[in-house]
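S.K.: As a plain string of letters, each chain reads:
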Amino acid sequence: MLLHDTAIIFGRYARQTLRSRFAMLFGVLMPLLYLIFFGPLLTDLPLGARGSSWQVLVPGLLLQLGLFGASFAGFSIIIENGAGIVERMRVTPVSRLALLLGRVLRDAALFVFQAVLLVLAAVALGLRAPLGGILIGFAFVALLTLSLASLSYALAMKVRTPQEFGPTINAVSMPAMLLSGLMLPMSLAPGWLDMLSHFMPFRYLVDAVRDAYVGSYTTSSMLYGVVVALGLTVLAVTVGTRVFRTAGA
Amino acid sequence: MAIISAARLARTFQTKHGPVQAVRGIDLTIEAGEILGFLGPNGAGKTTTLRMLTTLLKPTGGAATIAGHDLATDPAGVRRASGYVAQSGGVDPHVTVREELVTQGRLYRLTKSQAIERALELADDLGLAELLDRKTAALSGGQRRRLDIAMALTHRPRVLFLDEPTTGLDPGSRADLWDLVRRLRDEHGTTVFLTTHYLDEADALSDRLVIVDAGVVVAEGTPSALKLRYGGSIDATLQDTFLAVTGRGPAPADTTPVAV
Numbered sequence: 001m002l003l004h005d006t007a008i009i010f011g012r013y014a015r016q017t018l019r020s021r022f023a024m025l026f027g028v029l030m031p032l033l034y035l036i037f038f039g040p041l042l043t044d045l046p047l048g049a050r051g052s053s054w055q056v057l058v059p060g061l062l063l064q065l066g067l068f069g070a071s072f073a074g075f076s077i078i079i080e081n082g083a084g085i086v087e088r089m090r091v092t093p094v095s096r097l098a099l100l101l102g103r104v105l106r107d108a109a110l111f112v113f114q115a116v117l118l119v120l121a122a123v124a125l126g127l128r129a130p131l132g133g134i135l136i137g138f139a140f141v142a143l144l145t146l147s148l149a150s151l152s153y154a155l156a157m158k159v160r161t162p163q164e165f166g167p168t169i170n171a172v173s174m175p176a177m178l179l180s181g182l183m184l185p186m187s188l189a190p191g192w193l194d195m196l197s198h199f200m201p202f203r204y205l206v207d208a209v210r211d212a213y214v215g216s217y218t219t220s221s222m223l224y225g226v227v228v229a230l231g232l233t234v235l236a237v238t239v240g241t242r243v244f245r246t247a248g249a
Numbered sequence: 001m002a003i004i005s006a007a008r009l010a011r012t013f014q015t016k017h018g019p020v021q022a023v024r025g026i027d028l029t030i031e032a033g034e035i036l037g038f039l040g041p042n043g044a045g046k047t048t049t050l051r052m053l054t055t056l057l058k059p060t061g062g063a064a065t066i067a068g069h070d071l072a073t074d075p076a077g078v079r080r081a082s083g084y085v086a087q088s089g090g091v092d093p094h095v096t097v098r099e100e101l102v103t104q105g106r107l108y109r110l111t112k113s114q115a116i117e118r119a120l121e122l123a124d125d126l127g128l129a130e131l132l133d134r135k136t137a138a139l140s141g142g143q144r145r146r147l148d149i150a151m152a153l154t155h156r157p158r159v160l161f162l163d164e165p166t167t168g169l170d171p172g173s174r175a176d177l178w179d180l181v182r183r184l185r186d187e188h189g190t191t192v193f194l195t196t197h198y199l200d201e202a203d204a205l206s207d208r209l210v211i212v213d214a215g216v217v218v219a220e221g222t223p224s225a226l227k228l229r230y231g232g233s234i235d236a237t238l239q240d241t242f243l244a245v246t247g248r249g250p251a252p253a254d255t256t257p258v259a260v
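Those protein sequences? They're chains A and B, same order as listed.
Residue numbering for the first sequence follows my numbering, starting at 1 and increasing by one per position.
Residue numbering for the second sequence follows my numbering, starting at 1 and increasing by one per position.
Hints listed in this document are in silico derivations from the structure and should not be mistaken for laboratory results.
Relax, there's no trap hidden among the hints.
Straight-line C-alpha distance at most 27 Å; calculated DSSO-like pairs for lysine-lysine: (1) A/Lys158 / B/Lys16; (2) B/Lys58 / B/Lys16; (3) B/Lys58 / A/Lys158; (4) B/Lys112 / B/Lys135.
Some but not every residue of chain B turned toward chain A, in silico, with C-beta under 7 Å: (5) Arg79; (6) Tyr84; (7) Arg106; (8) Tyr108.
By construction, the Cβ of each residue, glycine as well, lies at the ideal position given by its N, Cα and C atoms.
Using the sequences and the accompanying hints, generate a full structural model.
M.R.: Written out as structure tokens, the structure reads:
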């Protein structure tokens, strides 16, 4: 039943996304601008990393895409709540977990699609990376969007107004971006900043994807990245489902 | 055999300013096939009660059964037995009538072909057949309401909960909706539990009224029994009866603010 219900909810929201080219492409705009106007600045800088500067920047931009895209996913549910759509679904026997999973799987599919576009643009600009590493990068984008979108929907069900939701997300996502070293690796940072960044879970994800992009699949960074990404996903989906089950309280 | 029964059903919300008792303890018994008008001033606890009876909100006290299913232990059974139309409806403006009806059928676990068939059946029955390929944003208020109700009838529920179903409708659409509610009861034996602020509507439609105020039931009976008891005579208006029951007398004429 969970699979059946999830497929129905996923289908509903996937159709909505497919109807809007704007929704499909908008998320890729910001990382694309970074790629084109910021990426070339790095090509001759000593980044202290293996591989080219693109192999350092593109993993960061992929996770930036997921971070900003998925954390704002909750906006749609604030609008739906206003129209009574969520309650209308909650009085049917549909699985509560499916109400969340159908939505976040649509988000994951959307952002992985945008990530593919971003990587294609990066290849055109000079990125060269092993195919296995690129695929691993997409898997991390999927896990990151699953977890962040779940938390975003949970928050949106709690705060219920865009005026509270928008600033809260901004306040969380900006420091998250800076502290995880998405733009430049934290190995360049002074000791205190490097240490601080270890408290930011996304740092482990970006380190893992950077390793994947230079073909190092069996490093400790990769192990930490996988563990943190999976742990975050399980935690976020659990929190999200709990909120969908008891919403309205 | 009562199809809805509630005993001491209560809900307290925890807020920053301390607990708020939205519903203090509602006792209800509704017979199968009844049309029940659930009245009360704004803030009396009508919507909170409805949200509890439809499993959207967990009661903080008391118990209820709907069509033999216990609210606390068998919410899935309650959901299968009842349909609910919220004040705001609940359809997406960018989705077509057909897609909403079919998806709703699928959420009630119909197969794809059953869901398509049921959507056509409901559209025929509720006068939506010509509108199937319109987006719901393009429907009139009355058409929207009929769609909301069609969605709630997808699984042929034995009980239908309607929260202020005619608010904002023109007189013609209201009359259509009244006919629809009566027809549901007469043809399918559906029990209808509706809230309204329109006392003429409650009078015309309901077999029985329950009036709540400050989270408890303050009066119940047939419209004429209530008029006789609280309004002073069977010819009293339901308006005067309602005001007498809820203790809010009509405002004296001279307090009307003067336009400047």
